[in-house]
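Engineer: Take the sequences, apply the hints, and build the full model.
Chains as they are written, first to last, in the working numbering: chain A, 1 to 110; chain B, 1 to 115.
There could be a bad hint or two in this list.
Unchecked claim - Cross-link-like lysine-lysine pairs, in silico, DSS-like; alpha carbons within 25 Å at most: (1) B:K65 - A:K97; (2) A:K97 - A:K69; (3) A:K109 - A:K3; (4) B:K7 - B:K96; (5) A:K52 - B:K7; (6) A:K97 - A:K52; (7) B:K65 - B:K7; (8) B:K96 - A:K97; (9) A:K97 - A:K109; (10) A:K52 - B:K96; (11) A:K97 - A:K3; (12) B:K96 - A:K3; (13) A:K3 - A:K52.
For the record, the hints were derived by calculation from the structure and aren't laboratory data.
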Amino acid sequence: DAKTTQPPSMDCAEGRAANLPCNHSTISGNEYVYWYRQIHSQGPQYIIHGLKNNETNEMASLIITEDRKSSTLILPHATLRDTAVYYCIVINTNAGKSTFGDGTTLTVKP
Amino acid sequence: SAVISQKPSRDICQRGTSLTIQCQVDSQVTMMFWYRQQPGQSLTLIATANQGSEATYESGFVIDKFPISRPNLTFSTLTVSNMSPEDSSIYLCSVKLAGITDTQYFGPGTRLTVL
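Structural biologist: Dropping the structure here:
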């Protein structure tokens, strides 16, 4: 699986959009970009995934650049409960398993 | 998604003993995995649990230390054997669901402290 690079930490004001970047410059054509988050002391929670088109669901939006070498997870109106570690991972659909990097610790402040 | 339960949710164990962690899923599962998360660290894959056969272990993990069983599609156990304080971690069960291709879902984790 391709390696991803994320900033170790970010802050965001409550009610504002949180934009979390991820670099995956070695991604290959059959690899998806997945985002998970882990709130303290809980198991990781699936957020969203995409291949090359932008995606949106009830939790977030995922913007993938045209060359697929980077992506941004957008939480449109961050709340205090969005404070968590956010993991961007790249998955080869044939590999089965997921490899996690260090993630970004997002702190939403009042 | 699915309801994934783990037992126990937490435990405090003595050095040299073993602990078996159970993972139960309420939906049809294609793949099951066990991860370890050491304090302040990211998740590390221990192994893929295979139904009716030996688990597939990642580099650095061996069957003697982390025996895994998966007797049916929706249940698996991970045993942490001959524990030392370095085994203090959160152990997480993860699954892929039938009909949902590559998304992995995670259980709540088992917080293990070894004294």
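Engineer: Next, verify each hint and record whether it holds.
Structural biologist: Against the structure, the hints come out as follows:
1. B:K65 - A:K97: OK: B:K65 and A:K97 at ~21 Å, within 25 Å.
2. A:K97 - A:K69: holds, 21 Å
3. A:K109 - A:K3: Distance of about 30 Å is beyond 25 Å: violated.
4. B:K7 - B:K96: holds, 19 Å
5. A:K52 - B:K7: Answer violated: A:K52 to B:K7 is near 39 Å, above 25 Å.
6. A:K97 - A:K52: holds, 20 Å
7. B:K65 - B:K7: Since the Cα atoms of B:K65 and B:K7 sit roughly 19 Å apart, the hinted pair holds (cutoff 25 Å).
8. B:K96 - A:K97: OK: B:K96 and A:K97 at ~9 Å, within 25 Å.
9. A:K97 - A:K109: This hinted pair is violated, its Cα atoms lying about 34 Å apart.
10. A:K52 - B:K96: Roughly 22 Å between the alpha carbons, so the hint for A:K52 and B:K96 holds.
11. A:K97 - A:K3: holds, 14 Å
12. B:K96 - A:K3: Judged against 25 Å, a Cα distance of about 21 Å means the pair holds.
13. A:K3 - A:K52: Roughly 17 Å separates the two Cα atoms, so the pair holds.
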